[in-house]
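K.L.:
Starting from the given sequences, assemble the full structure and let the hints guide the process.
In case you want the letters, here they are:
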Amino acid sequence: GAGVSQSPRYKVAKRGQDVALRCDPISGHVSLFWYQQALGQGPEFLTYFQNEAQLDKSGLPSDRFFAERPEGSVSTLKIQRTQQEDSAVYLCASSVASGRAFEQYFGPGTRLTVT
Amino acid sequence: DQQVKQNSPSLSVQEGRISILNCDYTNSMFDYFLWYKKYPAEGPTFLISISSIKDKNEDGRFTVFLNKSAKHLSLHIVPSQPGDSAVYFCAASFHPLTSGTYKYIFGTGTRLKVLA
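Protein chains in written order, with the numbering used here: chain A, 1 to 115; chain B, 1 to 116.
Note that these hints are calculated values from the structure, not bench results. Glycine residues also receive a C-beta, built at the ideal position from the N, C-alpha and C atoms. Don't take each hint at face value.
Stated by the list, open to error - Short derived list, chain B residues pointing at chain A, Cβ under 10 angstroms:
hint	residue
1	49
2	57
3	98
4	103
What the hints assert, rightly or not - No more than 25 angstroms apart at the CA atoms, straight line, and that leaves these computed lysine to aspartate or glutamate pairs for DMTMM-like:
hint	chain 1	residue 1	chain 2	residue 2
5	B	56	B	42
6	B	71	A	44
7	A	78	B	42
8	B	56	A	68
9	B	71	A	103
10	B	103	A	56
11	B	56	A	103
12	B	103	A	103
13	B	103	A	52
14	B	103	A	85
15	B	37	A	103
16	B	103	A	24
17	B	37	A	44
18	B	103	A	68
19	B	56	B	24
20	B	54	A	103
21	B	5	A	44
22	A	57	B	31
23	B	5	A	24
24	B	68	A	103
25	B	103	A	63
26	B	68	A	44
27	B	5	A	85
P.N.:
As structure tokens, then:
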């Protein structure tokens, strides 16, 4: 498909486990964003990549969160030692350029539940 | 501190009538505003946007109005259709000096239900 895809769609982790969430952006899109959406809230910015460079990680809530995009396409968001407060939908979005506020195309999200 | 607020969590409208969704913001640095629509189990999809230098943008049945002095924007859907039933998020963007990108701040969403 031509859209942004994310896997897995659902993940249940026991408290303390590490998880890895994958995002496949639209081919050729320079910009990639990760968001966290808690229940009843809007998406909240986590981090931003321009190609392989992580230019902004100011939204990552703790050093347990780590994101990478080594080849400027696929990105992985890793959460170490998951906590219950990490339960949320994690959304990935990509856009065609890094400049003006081009519309972001969102993936379907990964729903993470920490038990 | 919620910089973008959608004070109505839900709204019900009869098919064919107008739907008006509201959004308020506090940061005068925001220079671009967007509306997204979200269906269950899907990511948000872009609907319509407006630059801060304009006060209205129209696209088919969807019109966004911006009142900068009141720091308020609204989305009008006319006529409303059952397929419009979804959660609508407004978002505002700005470019912090410390970031390499425009950042987007989202509201908490309004669930619209269009009744047939």
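K.L.:
Hint by hint, say whether it matches the structure.
P.N.:
So, going through the hints one by one against the coordinates:
Look at residue 49(B): its Cβ gets to within about 7 angstroms of chain A, closer than 10 angstroms, so that hint holds up. For residue 57(B), the interface hint is violated, since its Cβ never comes within 10 angstroms of a Cβ in chain A; the closest pair sits about 13 angstroms apart. Annotation: interface hint on residue 98(B) holds; nearest CB of chain A at approximately 7 angstroms, less than 10 angstroms. For residue 103(B), the interface hint holds, the least distance from its beta-carbon to any beta-carbon of chain A being 6 angstroms, beneath 10 angstroms.
Between the alpha carbons of residue 56(B) and residue 42(B) the distance comes to roughly 28 angstroms, so the proposed pair goes past 25 angstroms and is violated. The suggested pairing of residue 71(B) with residue 44(A) holds, with an alpha-carbon distance near 21 angstroms, which does not exceed 25 angstroms. Between residue 78(A) and residue 42(B) the CA atoms are separated by roughly 22 angstroms; this keeps the pair inside 25 angstroms, and the hint holds. The hinted pair formed by residue 56(B) and residue 68(A) fails the criterion: a straight-line CA distance of about 39 angstroms is larger than 25 angstroms.
A hinted pair counts as satisfied when its Cα atoms are at most 25 angstroms apart, and residue 71(B) with residue 103(A) qualifies at roughly 22 angstroms. A distance of roughly 10 angstroms separates the Cα atoms of residue 103(B) and residue 56(A); the hinted pair therefore holds under the 25 angstroms criterion. For the proposed pair residue 56(B) and residue 103(A), the alpha carbon gap of about 18 angstroms is at most 25 angstroms, so the pair holds. At most 25 angstroms may separate the alpha-carbon atoms for a hinted pair to count; residue 103(B) and residue 103(A) meet this at roughly 12 angstroms.
Under the criterion of a C-alpha separation no larger than 25 angstroms, the hint pairing residue 103(B) with residue 52(A) is consistent with the structure, at around 18 angstroms. Distance restraint check for residue 103(B) and residue 85(A): the Cα-Cα separation of roughly 24 angstroms lies within the 25 angstroms cut-off, and the hinted pair is therefore satisfied. The straight-line distance between the Cα atoms of residue 37(B) and residue 103(A) is roughly 13 angstroms, inside the 25 angstroms bound, and the hint therefore holds. Simply put, residue 103(B) and residue 24(A) have alpha-carbon atoms about 21 angstroms apart, close enough for the 25 angstroms limit, and the pair holds.
Our distance criterion of 25 angstroms between C-alpha atoms is met by residue 37(B) and residue 44(A), whose separation comes to about 16 angstroms. Note on residue 103(B) and residue 68(A): the hinted pairing holds, with a Cα-Cα distance of about 19 angstroms set against a maximum of 25 angstroms. Under the criterion of a C-alpha separation no larger than 25 angstroms, the hint pairing residue 56(B) with residue 24(B) is consistent with the structure, at around 16 angstroms. This hinted pair checks out: residue 54(B) and residue 103(A) have alpha carbons roughly 18 angstroms apart, not beyond 25 angstroms.
With a C-alpha separation of about 13 angstroms, the suggested pair residue 5(B) and residue 44(A) falls inside the 25 angstroms cut-off, and the hint holds. A hinted pair counts as satisfied when its Cα atoms are at most 25 angstroms apart, and residue 57(A) with residue 31(B) qualifies at roughly 22 angstroms. Taking the CA atoms of residue 5(B) and residue 24(A), the gap is about 31 angstroms. The hint is violated against a cut of 25 angstroms. For the proposed pair residue 68(B) and residue 103(A), the alpha carbon gap of about 21 angstroms is at most 25 angstroms, so the pair holds.
A threshold of 25 angstroms between alpha carbons decides the hint, and for residue 103(B) with residue 63(A) the separation of about 21 angstroms falls inside it, so the pair holds. In summary, the hint linking residue 68(B) to residue 44(A) is supported, as the alpha carbons are separated by about 24 angstroms, within the 25 angstroms threshold. Between residue 5(B) and residue 85(A), the direct Cα distance comes to roughly 23 angstroms. Compliance with the 25 angstroms bound is thereby established for this hinted pair.
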